[in-house]
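Protein sequence lines correspond, in order, to chains X and V. All the letters of the first sequence, read from the start, carry residue numbers 1 to 328 under my numbering. All the letters of the second sequence, read from the start, carry residue numbers 1001 to 1248 under my numbering.
Hints listed in this document are in silico derivations from the structure and should not be mistaken for laboratory results. If you're wondering where the values come from, they're calculated on a predicted model, not measured in any experiment. Here a beta-carbon is modelled for each residue, glycine too, at the ideal position from N, C-alpha and C. Be aware that one or more of the hints could be misleading.
As the list claims (entries may be wrong) - Quick list of simulated restraints, FRET-style, between CB atoms:
1. V/SER1125 with X/MET43: 28 to 34 Å
2. V/SER1035 with X/PRO46: 31 to 37 Å
3. X/VAL149 with V/GLY1223: 54 to 60 Å
4. X/GLU322 with V/GLU1191: 52 to 58 Å
5. X/VAL149 with V/PRO1026: 38 to 44 Å
6. V/PRO1209 with X/THR265: 23 to 29 Å
7. X/LEU238 with V/LEU1054: 26 to 32 Å
8. X/GLU267 with V/GLY1223: 40 to 46 Å
9. X/GLY112 with V/ASN1097: 45 to 51 Å
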Amino acid sequence: MKYKFTLVISIIAWVAGCRNNVEEPVVVPTPYALPIPGGFPEMTIPADNPTTAEGVALGRQLYYDQRLDKDGARACATCHLQAQAFSSAPAVLPHINLGWSRKFLWNGKISGSLEDIMLFEVEEFFQTDVDVLNSDPEYPGLFKKAFGVSKITTREIARALAQFSRTQISGNAKFDKFLRGETTLTNQEYLGYELYYTEKGDCFHCHATMFMTDNLMHNNALDTNPDPGYFTITGDSLDYGKFKSPTLRNIEYTAPYMHDGRYATLEEVVEFYSSGLQKSATVDPLMKNLGQGGIQLNAEEKAALVAFLKTLSDPDFLHNSELANPNN
Amino acid sequence: MKRLFFLVTTLGVSLVSCNNTGNVPPAIDLHVSFSHVVNGSPVQLDALVYQNNLGQEFSLKTIKYFISRVKLYRAGNTVIALPDIHYVDIRLPETLNYTFAGKIPAGDYTGLSFVYGLIPEENISGRFTQPPESLMEWPEPMGGGYHYAKIEGVYRTPSEEGFFNFHSGMLDGVAYEIHVDRTNQPFTLSEDKAVVNLQMEIQNWFQNPNDWDFAYYGPAIMGNHEAQKAIQENGGDVFSFAITGSLP
């Protein structure tokens, strides 16, 4: 009897204790299914940052918030304009399909996941003052819902931005529709397609796969004395003059071109590859006709290649309301 | 208790006996390590220090390729076919050693064979979705599928210097994969000796039977059937193998 009494008292005390310890319900963010276009591979997502509706919404809010910057002067979207496929002059790389990328920035400074590049942006580029976000009336609650944290750190900011960036998917260009059998290319576009995907034009080795980039570093023979590029990261003289191959998706919207924005139009870019190659020590062997100055296209071929490049334009991406400023 | 002890003892002896009699050879992991040499010495990348039979100097920057359809031949006409497709990149150390997915029996083998590249049935666009394998794509306007290999570098003759891109693959439906046959080279595999060191002699790509003229073939050969055929013919003696005890 004595034991029974003790047991009952203990259970009551334990239950009461539990009630006192439970301050808030457990936060369970809502899983978010990324809209992966047909023909695209699955995206590899870190296990410790699954994509959620709350995380994506928070990342989108942050992407457009100038308070991300230590001085409050700029947001991601200040330089990454949706109307320009999330790029801008003079040479801001576009935010397109970065969820499949493992190498970031023109000089390849960051390798790894979107979380890695976003942490770099938050801590080194913006030098975000987390106290500003922690003292905001709304952000702490949004971070709580997305990540279950009571105090915002740069880690959660980077994770939210990474989640939003994974939704910046472009896969509905005319070329995609052509590959899906939903439309045809004009004769001129088709000639450009053949030039792109044969060694006559040979764009495909560096601007490869569905993403129109190999995400690797190359010296594409821009200058006899090239900018150091990847060398500044590795210190290896063999990397001198190498830069990341940018995606050619939405290239029509991302002028000007090259790592220094030297070419204003696609026609100038094609002319460079046709006749303007410059020798230097680390030029990639894929720049095959270096001795002749380039691939030696005639006027019809140059125009065709430009026409094909414009089939990589995805107007839906530019007008996707789910990627737009949530405050507008 | 006594019965239990008897049972356990009997079982233990039985298991030991099985191992000792060798009736069922132990299943072991098969490893392969890849090495690359020029004239028998390890490749020195990015150095214009090599010369072909025509006296043309060359350097090597890129060596990437697929190995597939590995088969091991046992006495008694038993063939063990391994379905793995493995990608090798001399600049990616993690690709230079590979352990096949399935285990194989230890014991004596009469030889092996494999495919350099991919057979047409396995050379299907879209089968590789992640880099680096996906970056070996062979564009649809040239027949689709994947490069078998990319070997790239610089060549120099007395009159010119240029790039070579020794890219091989199936061109417009014509297959040029290389079936490497080493079926008459016996070896023994055991738990502590189960590494096949596969060595590529780069110089042999450029000779026997066809002396490769860098200037003649030029920097772009993907659309050149004559070049693809010459590569296939030269590939017969490019590979050799030896069994070693452990991965390097």
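Hint check against the structure, violated hint numbers in rising order = Hints 1, 5, 6, 8 and 9 contradicted; others consistent.
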